[in-house]
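Chemist: Respectively, the protein sequence lines represent chains W and U.
All residue numbers for the first sequence refer to the working numbering, where the first residue is 8 and numbers rise by one.
All residue numbers for the second sequence refer to the working numbering, where the first residue is 44 and numbers rise by one.
Calculated cross-link-like contacts (lysine-lysine; reagent style DSS-like; alpha-carbon spacing at most 30 Å):
hint, chain 1, residue 1, chain 2, residue 2
1, U, 138, W, 322
2, U, 63, U, 127
3, U, 63, U, 138
4, W, 213, W, 270
5, U, 63, U, 279
6, W, 37, W, 50
7, W, 270, W, 375
8, U, 127, U, 165
9, U, 127, U, 138
10, U, 165, U, 200
11, W, 375, U, 154
12, W, 270, U, 138
13, W, 375, U, 138
14, W, 37, W, 109
15, W, 322, U, 63
16, W, 50, W, 83
17, U, 200, U, 138
18, W, 322, U, 154
Worth flagging that the hints you see were computed from the coordinates, not collected in a lab.
None of these values were measured; they are calculated from a predicted model.
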Amino acid sequence: MLHYVELSKKAAPGAPDLSRASEVGIDLEKAGRSAYYLQVDQKIFQYLSRIPGVEVTTIEDFIGNSPDLAAEYVWKLLDPSRDRFTAAAALYGSGGFVIKVKKGARVDDPVQTCLFMSTPGLQAPHNVVIMEEGAELTLYTGCTIMPEPVGLHVGVSEFYVGRGAKLRYVMIHSWNRATHVRPRTAVQVDEGGEYISYYMSFGRVKSIQTFPSIHLARGARTYSASVVLGLEDSQIDVGTSVTLSEDSSAQVVSRVLARDSSKVWTRAIISGGRGRGHIDCRGMMIHDTAQIYTVPELRALGKETQLTHEASIGKLSEDEIAYLMSKGFSREEAEGILIRGFMNVELEWLPQRIRRYVEGVLNIMAGKAL
Amino acid sequence: MGTATEVLRVENLSIDVYGKVVVRGVDIALSEGEILYVVGPNGSGKTTLLRGLAGYPGYREVSGRVIFSGEDITGTSADYRVSKGIALAHQIPPKISGLRTRDLLAYVARKFGSGDVEEVVKLLDIGYLMDREFGRGFSGGELKRVELATLLLLRPKLALIDEPDSGVDVDSVMLVAEGIRRLSELSPYRTVVVVSHTAFVARYVRPSKVCVMSSGTLLRCGGPELLDEVMRYGFKRVA
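One chain only, chain U, in its complex shape (with noise of 0.2 Å):
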């Protein structure tokens, strides 16, 4: 068997966001296939981390580097790091007034040339949602499936998924890890680093890694274990 190419490698990462350094010496080394899941109580900056990774603005890297493919992308930009192939689904997108969902995945689709959105959208159940303004009176469930259809779209070679499982009904949850199950067959790459606050969508995604993040710093990682002990102790003593 021949050596797993790695994706993604982190080294000593510290995020700042707006002049505050939120995230703190984190590394990270993931190959392909393999799915990272991050867990940790609120607050503790799994958002920060992954948005960092995606290279979203206001979100800069103040130290250590971020290697992807080989690739040092450390200081570039969010589009640039999509069209390498990262993509980031959000635990809360905003509400875009006009943008129709139907055109914001057409805009991807025809952007990116990848994916199918009527395969998309059946998958994910949002087809009524396609002519409602973006994230309009979306309900939990149903904005998460909506990010996730993004992120089919994109087809990314590493997907960032933030807290999937935060305000969802059982349903959508299932929904939603179909969904990352599917990303994960689709990616060229097949590697998800995907966050949460509890162990709930780690059932549907069977993460090959978990770490436990707190204080904005990776405290533990191993393998899928590591989460029977966070739900059996807390946070803070697997800590």
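Excised from the complex, chain W in its bound form (with noise of 0.2 Å):
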């Protein structure tokens, strides 16, 4: 089922002005030539397909009209019950995007998704994507909200990555001080599926947790990357947690920057009795006042599993920015070229294109990092 409203780049008097959503990459003029789900608060929703095997709807339109289907792919990754964040969105949320990419169906135009609250209260979107066998997509998501509100956002996300399929996931949040985030994010990938993801924060935050779970199948594979920026008096605490089968391979990255009063943990744990699994953590204090705490967490639970990790936290060097300084950059332009460096994680699994958002994200952090 379509559904199209046309866009409009101007809020009329009383809309929420949407312009905001470009400062988290998304683009919702050529978001409407492809895909894409917008939700505003509890009640706004725009969203189409015009690709060709790529289907979005609504979770309510999802359940309203295949409920056979619904019964297969909702609330059966993640539980109600696991916490009182995600009981609230089952009792209390409303909307969510579904999307479906065919079997076989390879998409190279990327489907974005926009959660974006405009009014205080809570938005709780559940959000179901199913990959069918083969099938390949890029889902970039941009999380933000108006200055002024008092907001809680529990996103429930629950991902099914067929037999042999590929999902990149990119997901940008850009808060206000005043908000707590809470995601609950649970991902099953089949046979030879891959499922990357990137999660990106930079905007001052009252609190965010997270801890997204991924269940690897025999030959799957997943790269898991989070690069967090900790401004002010933001309390963070993200991480992931992935479960290895036969002849799977889980990387999980993470790369923190902390300033002002903020703390920041970041968590990972890679589990399983078979498989390969490293975790990569590393944190630069740029405050005094800050915090960091890293807790990289290896289960073996075979002796067929290979499992490393690295974790280190520290600051700026000194040498490195004297370094630089001698190929002649000034003081801040050095800091900037090493904290951008800090931040890279491997992009080349994104299209061009995706690749390009994520860039200049990482280019927006670095200046607010310094």
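Now that you have both chains on their own, put them together as the hints suggest.
Modeler: Here it is, written out as structure tokens:
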């Protein structure tokens, strides 16, 4: 089912200013030519797909129009009783996208989704992505809020990556200093499938806590990267948990910058009786008043498992700054280059256009970190 | 024939490194097109001299003057000196986590708008290092070649090159020497200072002046024949 509302670049009186979506890399004009989902608060929904093989709808329409399918996919990877935020989303949530990519469909254009908060209160969308066998998709999600509202965002996401399918998922967060954010995400990757995930948070935020879980079937693989900037008095607790199977592999990567009086935790668990996994957590302290906690955890549940991790926390190196100054950069430029370099994660899995977006977001983050 | 333009004049220079005077009373005069080769044993102050001339943070001129292209640049910062045309290739640059070699060279080329990255990469055969983190797991020769690449992009009027042959195999020395030759062609004033603890690379760069350094001072200066003496009799006897 297609639902299309012409998007206006300028907000009508009383309507939310959607231009803020561009801050998190959402290009509604381009998205309107391919596929997108936009949700404002708990009530305004715009969505469409012009891409063959890709269906975009709301969770309510999905449950109403395809109840049997919904029974297979909704609340199957996550349990509403998991914690009070998930329960609140189950009880009071509204909206959320359902994206289904048909068997073998390989989509070049990214599907963009934007979860936007313009008024105080709760936003709790429930998102489901179903990648059928051999399908390929890049999903780009930007979440943001107007500067003033006090909000709680609980995005519930259940992603199903079918046999041999590939889902590349980019999520960019930019909240305000009064928002609490509790995404709840679970991913099932079937045999030979691939799930590549990038999470970036660079705005002021009161608190974030999220710990997505990824279950890999035989021969599946995942690369999950988080790049987080702690600002002011933010408390941010992010991580990823991966469960391995035979011949599967996982890399969990985090880059954290902490300034002001922010506190940032990065957690990672890789667990399994077979398969390979690596955790790479790096933190950079910008100010003496900030705090970073890094908690990598490896759980070998059988002798056929190979698990490694590296973790480090430090500050900008005076040697490296001096070196760059000897190449003609001012101290400030040198610090900017080092911070931008520190934030680099492997982006080669992303299509060129999305890679440029993500690099742009990383550049903005580097600027804000100084 | 007109008189060659003086590029660098160093007068009675002493350099302090984090509270300790390492280089004392150095005098140098270099004109356009000259290559000065400073040779001396390990710990003689060669690196400190170059870093001091480059205005490297932590290396302070405590006495004397450095005149570059007629301007007294004593006490100025490293980035200011690069903007004036002085650039340093380090003996061992630091590893920089996350920064790819490609990005470093692109930043340098973008900032100074000079030099062709692809041409430099080809000349020094460093294409395979472009997507690696700068310095991470590089061999000695790879470090030297990437360092020289930054210099070729900066196209300085005065190039300062620290130990281009230390910890390097012969093939890399030849590539580095080729890079230095190219540098002297590209440089507006074609003026280079190379320091080394051996005379090895001098075969390729053909210096016009040679100085022997020991215990933080330039003990003797002369023409290229001084290098033959050093190689024959050693530093102590020559000094």
